[in-house]
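There are 2 protein chains.
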Amino acid sequence: MKLAEFDIWMRRAADAVETALQAWVPADAPAGLGLAMRYGVLDGGKRVRPLLVLAAAQAVHGAPSAAMRAACAVELIHAYSLVHDDMPCMDNDVLRRGKPTVHVQFGEAQAMLAGDALQALAFEVLTPDDDPAMPAPLQARLCSLLARSAGHAGMAGGQAIDLASVGRQLDEQALSDMHRRKTGALLRASVLMGAACGTTNPREWQSLAEYGDAIGLAFQVVDDILDVTQASATLGKTAGKDIDNNKPTYVTVLGLDAAHAHAEALRRAAHAALDGSGMADTEQLRELADRVVARES
Amino acid sequence: MKLAEFDIWMRRAADAVETALQAWVPADAPAGLGLAMRYGVLDGGKRVRPLLVLAAAQAVHGAPSAAMRAACAVELIHAYSLVHDDMPCMDNDVLRRGKPTVHVQFGEAQAMLAGDALQALAFEVLTPDDDPAMPAPLQARLCSLLARSAGHAGMAGGQAIDLASVGRQLDEQALSDMHRRKTGALLRASVLMGAACGTTNPREWQSLAEYGDAIGLAFQVVDDILDVTQASATLGKTAGKDIDNNKPTYVTVLGLDAAHAHAEALRRAAHAALDGSGMADTEQLRELADRVVARES
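If you're matching them up, the sequences are chains A and B in order.
Sequential numbering of the first sequence, starting at 1, is according to our numbering.
Sequential numbering of the second sequence, starting at 1, is according to our numbering.
Hints may contain errors.
Identical chains share a label here; the pair holds if one copy fits it or two copies do between them.
Listed next, the in silico SDA-like pairs over lysine to any residue satisfying Cα-Cα at most 25 Å (straight line) [as the list claims (entries may be wrong)]:
| # | residue 1 | residue 2 |
| --- | --- | --- |
| 1 | K99 | S165 |
| 2 | K46 | D131 |
| 3 | K241 | G107 |
| 4 | K241 | A31 |
| 5 | K99 | L170 |
| 6 | K99 | T234 |
| 7 | K99 | Q169 |
| 8 | K46 | A209 |
Think of the hints as simulated: they come from the structure by calculation, not from any bench.
Full structure from sequences and hints, please.
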C-alpha cells in the first residue's frame with residue numbers, strides 16, 4: 001500500500017468515527033451531562049483504537065457498520081478512562097488533547113458522572129435493537145471482549161497497579177504486566193473486536209491476538225519515550241509527567257536506546273503475527289503498527 | 001403467600017445472591033483493587049434490586065442461573081453508583097451500610113477505580129462463555145437493558161439532575177422525572193431483566209414494566225420519608241442529609257402526609273399492574289412491593 005493511499009484511508013476512517021460518535025454521544029442528556037460527555041470524547045485524539053478495530057474488521061471482511069459500533073464503543077471506554085484518570089484524585093491533570101480537562105471545564109462531580117455514563121454508553125452502542133449487521137451473538141461477543149478488557153483484569157486493574165507503583169522501582173516484567181493491562185488490554189481488544197465482526201477462524205483469531213498484544217505494548221513503550229522526548233505542545237498533554245510523578249516507565253527501566261529497540265522489536269513482532277495469518281487484507285494493520293511506533297505525538 | 005414463607009424465600013434469595021457475588025467479585029484483582037471492589041459490594045445492603053430480578057424471573061419461570069447473573073449484574077451497577085456517589089466531589093459521605101465508605105477506607109483514587117471496575121464487571125457477569133442458561137440473545141438483551149438504565153438516559157442522567165437541583169425548588173413533575181432516572185430506571189430494569197430471563201409475551205412484559213415503574217418511584221418516595229423520620233443508626237447511612245444538602249425531596253415538595261399517601265398509591269399501582277398480567281406466580285413481586293413501602297430502613 002502506498003503511503004498516500006493509507007493516509008486517505010486513515011483520514012476517512014477517523015472522520016467516519018467522528019461522525020458516528022457525534023450521533024451517538026447525546027447532546028441532550030440532562031443537566032449538562034451530555035455536554036460534558038461530548039467534550040470528553042468528540043473532536044480530539046488520534047483514534048488509534050477505532051482505527052485498529054476498523055483495520056482488523058477489514059482484514060476479516062467484517063460488516064462495516066458492526067465494526068463502526070465496535071470502534072466507537074472502544075473509543076468511549078478509552079475516553080471515559082481519560083476523564084477519570086485526569087481527575088485530581090488520580091493524575092490531577094489540567095490539559096488533554098490541547099484543551100482543559102473535563103473536570104476543569106465542568107467540575108469534578110460532572111466529570112465523574114460523564115465518565116460513568118460514557119462507560120455505559122459503550123455497551124449501549126454495542127446492543128442496538130434494530131441493526132441487522134449486529135446479530136445477538138455478535139453483540140454478546142463484543143460486550144464480553146470490551147467488558148473484560150476494561151475491567152479489573154484489564155484497564156482498571158492496570159491503573160490500580162499504576163497507582164501503587166508511584167515512587168517504586170519495577171523490573172521490566174512488572175512494568176510490562178502493568179502496561180499489558182493498563183493500555184495493552186484495550187488495544188488488544190480493539191483488534192479482537194474488529195476480528196469478531198468477521199471471523200471465527202482460530203488461526204486468524206490467534207494471529208490477530210498476537211498482533212494486538214505486540215501493538216498494545218509497543219504503544220505504551222512509545223508513549224513512555226515521547227513523555228521524555230517531546231514538549232507538551234506537541235503531545236497536547238502535559239509532557240514529563242511520568243518523571244515528575246516519579247512513575248516507573250520503559251525509559252527509566254530500560255534506558256532510552258533500549259526502549260527504542262524494544263518498540264522496534266514489537267513492531268516486527270506485529271508484522272510477523274500477520275505474516276502467519278493467511279489473511280490477505282492486512283495492509284492497514286501493518287501500516288498502523290508502523291505508525292504507532294514512528295509517531296511523534 | 002404467608003409472611004413466614006416469604007421471609008424464608010427472601011432470606012434464601014439474598015443468601016444466594018451473596019454467595020454468587022462472593023464468587024464473581026475477584027479477591028485477586030491487582031494492587032488492592034479487588035479488596036476495594038469487594039468492600040463496596042459484599043456483606044451489605046438490602047439487595048432490593050436482585051430480589052426484584054429473582055422475583056420477576058420466578059413470575060415468568062425464567063432459568064434461575066440466568067436470573068442470578070442478572071441479579072448480580074444489577075447489584076454491581078448499584079454498588080458502583082454508591083461508591084462514586086459517596087465520594088467527596090459528590091455527596092462526600094463517610095458512612096454507608098453502617099461502615100466507612102470505600103474512599104474513606106481505601107482512598108479516593110482506588111474508590112473511583114473500584115466503581116469503574118464494578119461497572120465493567122456487571123457486563124462481564126452478563127456475558128459468560130460457558131453458561132447454557134445464557135444463550136447469546138439473552139446476554140445481548142440483558143446488556144442492553146442494563147446499559148440503558150445505568151447511563152445518561154437513566155441513573156447517571158438522574159444524578160446529573162440531582163447535582164444541578166441542589167438549593168433549587170422543583171415541582172412534583174421535575175422531582176419525579178429526576179427520580180425516575182436516578183433510582184427508578186435501575187429498579188425498573190431489575191424487573192425487566194428478570195422478565196427477559198423467561199418471557200417475550202408483550203402483555204406480561206407490559207405488566208412488569210408498569211410494576212417496575214411504580215415500585216421504582218415508590219422506593220424513592222419512601223427513601224425521602226425515611227431520610228427525615230429515621231436516625232442514621234437505623235438507616236446505616238447518614239440521615240437527614242437531603243435537608244442538610246438543601247436537596248428537594250418528596251417530603252419537602254409534597255409534605256410528609258402526602259408523601260405517605262403517594263407511596264401507598266404507588267404500592268397499589270404495582271399490585272394493579274400484576275392483576276392485569278395473566279401471570280400466576282406473582283406473590284413475591286406483590287410482597288416485595290408491600291415491603292418496599294412498609295420498610296423502616
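Status of the hints after comparison with the structure:
Within a single copy, K99 and S165 get their C-alpha atoms no closer than 28 Å, and across copies no closer than 28 Å, so neither meets the 25 Å cut-off. Taking the shortest alpha-carbon separations for K46 and D131, neither the intra-copy value of 27 Å nor the inter-copy value of 38 Å comes in at or below 25 Å. Both within a single protomer and between protomers do K241 and G107 lie at most 25 Å apart by alpha-carbon distance, with minima of 22 Å and 22 Å respectively. Proximity of K241 to A31 under the C-alpha cut-off of 25 Å is restricted to the inter-copy arrangement: shortest distance 22 Å between copies versus 33 Å within a copy.
In this assembly of identical chains, K99 and L170 lie within 25 Å of each other by CA distance neither inside one copy nor across copies; the values are 32 Å within and 35 Å between. Only within a single protomer do K99 and T234 lie at most 25 Å apart by alpha-carbon distance; the minimum there is 13 Å, versus 47 Å between protomers. With identical chains, the CA atoms of K99 and Q169 are never at most 25 Å apart, being 32 Å at best within one copy and 35 Å at best between copies. For a Cα distance limit of 25 Å, the shortest separation of K46 from A209 inside one copy, 22 Å, qualifies, whereas the shortest one across copies, 42 Å, does not.
Of the numbered hints listed earlier, those contradicted by the structure are 1, 2, 5, 7.
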